[in-house]
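> Each chain is listed here by its residues.
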Amino acid sequence: MSLFTLAWRNLLYRPWTTALSVLLAALGAGLISIILLLNWQLEQQFDRNLAGIDLVVGAKGSPLQLMMSSMYHISSPTGNVPLAGVLPFLNPEHPYIELGVPLSLGDSYRGRRIVGTRPTFLDLYDASLAEGDMWSSVMDVVAGATAARELALEVGDTFRSSHGLIEDDDLTHRDAPAFRVMGILAPTGTVADLVLLTPTESLWAVHDVHGHDDHDHDGEHRDGEHYNVRGPLSEYTDRSITSVLLKFRGTSVAGLNMQRSINENTEMQAVTPSIQLAELYATVGQGEEVLRQLGYVVVGVSILSIFIGLYGSLDRRRGELALLRSLGAAPGKLFGLLLLEGTLTAVAGALAGLLVSHLGLVFIARYFSEAYRYDFRALVFLPEEGWLLVAAVVVGALAAAVPAFRAARTDVHRTLAG
Amino acid sequence: MLETHDLTYRYPGAALSFRFPDLQVAAGDRALLLGPSGAGKSTWLHLLAGVLTPAGGRTRLDGTDYSALRGAALDRFRGRNIGLVFQRAYFLEALTVTENLALARRTAGLPPDTRLLRTTLEGLGIDRYADQRPGRLSVGEQQRVTIARALVNRPKLILADEPTSALDNRNASRVSALLRSRAAELGAVLVVVTHDERLRGDFPRVVELSEPAPAN
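Respectively, the protein sequence lines represent chains E and P.
Counting from 4, one number per residue, gives the positions in the first sequence under the numbering used here.
Counting from 2, one number per residue, gives the positions in the second sequence under the numbering used here.
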């Protein structure tokens, strides 16, 4: 019967008081931990997918929306821009631009976004083929690792796309040519895992037939045979794409000037992802701050609850504390006993809180992967959570200090003679 | 052998101090300290138990002057050598009867001995309550558990403070008999402090305490 066991048994002997204290500690720890976890996850997701992109150029509208749709493939695009306007950015000889990746968005297959682009997309996310080959003609698809796994796509499979991002039979492009899977990418841990890649021309081919475009095209493009998916996009002048992702050569002032110039002089807008992200974090951070404060308040209440629980029990336990002294336990043992009861309560609460926050994260992860097709890791343990447990020990000891001090000073003679 | 010499005690801030008669009780022998309430019986017992430190005088058990011990050394000495039975039966409420006994060995720094615990409980006829919480037992049963606890460390001195005052005649004589027989078995000194006249006949030596006397 160690001091630890005795403390444990004493806590179980007052189940309701203990339960209340544990619950409050769990609530506080859980709140703080889920904030830590969500924050970490979001920044991981956003930062990993930043992929060194310096500028996103697309149609005017909400800058956040342009960034979210083009870089994270969440929410719909702001609109299209004429290809002619962005062609200079796609020129590999451009003095300031290291890499320009064109994106055509708007269609999907069973909730997975189809991205019309050029092979430079793979360079952006350091992606490489795990199976099959790169596309060689219109309607060829290279699938991201996660997308391929979840849609059970294999090389050689064919499918028809639908309009927008939602899975809806009515929106399927039925009479358009089918896509054919040519290759599957190795996992990268970025958005490249989540999308289906195809040459830019494929989306035009789909819409040529389907007639989403407001005008009918010349017959020569209709069957897609005449597109050259290996050539530069500059061959097409009357087309539109959604946006361009740009990586500058070094950190040039010219790049910043380019952004201002695009925003002021063209019908397009240019967005700097790092600035947008900082603004987004600041906005999210306010809500997070409120929740964090609430977490601290709950922790404060839980300290109070542990304190009251122990202090209130002292009167009833004076006899048994005096008994322990008479049996040979030094005052330090009594101090330790109460301190242990406090820290055990707090640590049990913190553990329960961490458990609940991780369970919560599993549900949030499920929601995110269904709603946004995003991979969220639920089984992550952050070093901060270790600190949360250390903090629980401190909090428990703090709450128990005064009752423990009083317990240690139990007057054996007066109590037992009484 | 328990010996006391010139034992006095003064409560902090009190004008009067208690002076207690000298005691000499041999191992296996017993004494009854009888007196009315307020005569300082519990004080005397707590001095003998090392719970209180005397203002003057000596308490010696088998040659060890434990009135000179302080702090942890005194706590350890008490845990190992003195078995205490109090007026009210105190327990660790969260623990079972057996666990309460085991804890007494633990706090005294003695190794656990489950067989000794069981035979002690059997000897007092309460082994069927071994796994129950003491709070569920009757007052008489509880008092027997506290006697069992006072015995598990095989003490040299057993001190009992009003062990029978809350009990009816039948239980009182039973508790008295148990205390006497177990103490004799262990070869321990037994000192009982009480105002319970029923016990007078059970003890060959009775020391009567009167009102507190000025000690100078």
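FYI, nobody ran anything at the bench for these hints, they're computed from the structure.
In this text, all values refer to a predicted model and were calculated from it rather than measured experimentally.
A few of these clues could be false.
Derived contacts from chain E toward chain P, CB cut-off under 8 Å, selection only [unchecked claim]: (1) 12; (2) 15; (3) 323.
Quick list of the computed label-pair ranges, beta carbon to beta carbon [to be verified]: (4) 47(E) / 115(P): 31 to 39 Å; (5) 186(P) / 307(E): 36 to 44 Å; (6) 405(E) / 17(P): 30 to 38 Å; (7) 386(E) / 115(P): 40 to 48 Å; (8) 414(E) / 69(P): 15 to 23 Å; (9) 137(P) / 366(E): 53 to 61 Å.
Over the 12 Å line for every Cβ pair with chain P, so calculated as not near, a few chain E residues [to be verified]: (10) 62; (11) 133; (12) 180.
We treat Cβ as the ideally placed atom computed from N, Cα and C, and that holds for glycine.
> Between residue 137(P) and residue 366(E), does the beta-carbon spacing fit 53 to 61 Å?
violated, 45 Å
> Would the stated hint for residue 12(E) survive a check requiring a Cβ distance to chain P of less than 8 Å?
OK, holds: residue 12(E) within 8 Å of chain P, min 4 Å.
> That 15 to 23 Å hint for residue 414(E) and residue 69(P) (C-beta), does it hold up?
holds, 22 Å
> Test the statement that residue 180(E) is away from the interface with chain P: the closest C-beta pair must be farther apart than 12 Å.
The claim holds: residue 180(E) sits with its nearest Cβ about 76 Å from chain P, beyond 12 Å.
> If you check the beta carbons of residue 47(E) and residue 115(P), does the distance land in 31 to 39 Å?
Since residue 47(E) and residue 115(P) have Cβ atoms about 55 Å apart, the given range 31 to 39 Å is violated.
> So is residue 133(E) really clear of chain P, every C-beta pair being over 12 Å apart?
The assertion about residue 133(E) holds, with a minimum of 60 Å to chain P.
> How about residue 15(E): closest beta carbon in chain P under 8 Å, or not?
Since the shortest Cβ distance to chain P is 7 Å, the answer is holds.
> Are residue 323(E) and chain P close enough, Cβ to Cβ, to be under 8 Å, as the hint says?
holds, 5 Å
> For residue 386(E) and residue 115(P), compare the CB-CB distance with the range 40 to 48 Å and indicate the outcome.
Since the Cβ atoms of residue 386(E) and residue 115(P) sit about 44 Å apart, the hinted range of 40 to 48 Å holds.
> Against chain P, does residue 62(E) keep a CB gap of more than 12 Å to every residue?
holds, 71 Å
> Taking 36 to 44 Å as the stated bounds, is the beta-carbon spacing between residue 186(P) and residue 307(E) within them?
violated, 52 Å
> Do the Cβ positions of residue 405(E) and residue 17(P) conform to the proposed distance bound of 30 to 38 Å?
holds, 35 Å
Consistency note: the structure conflicts with the earlier hints numbered 4, 5, 9.
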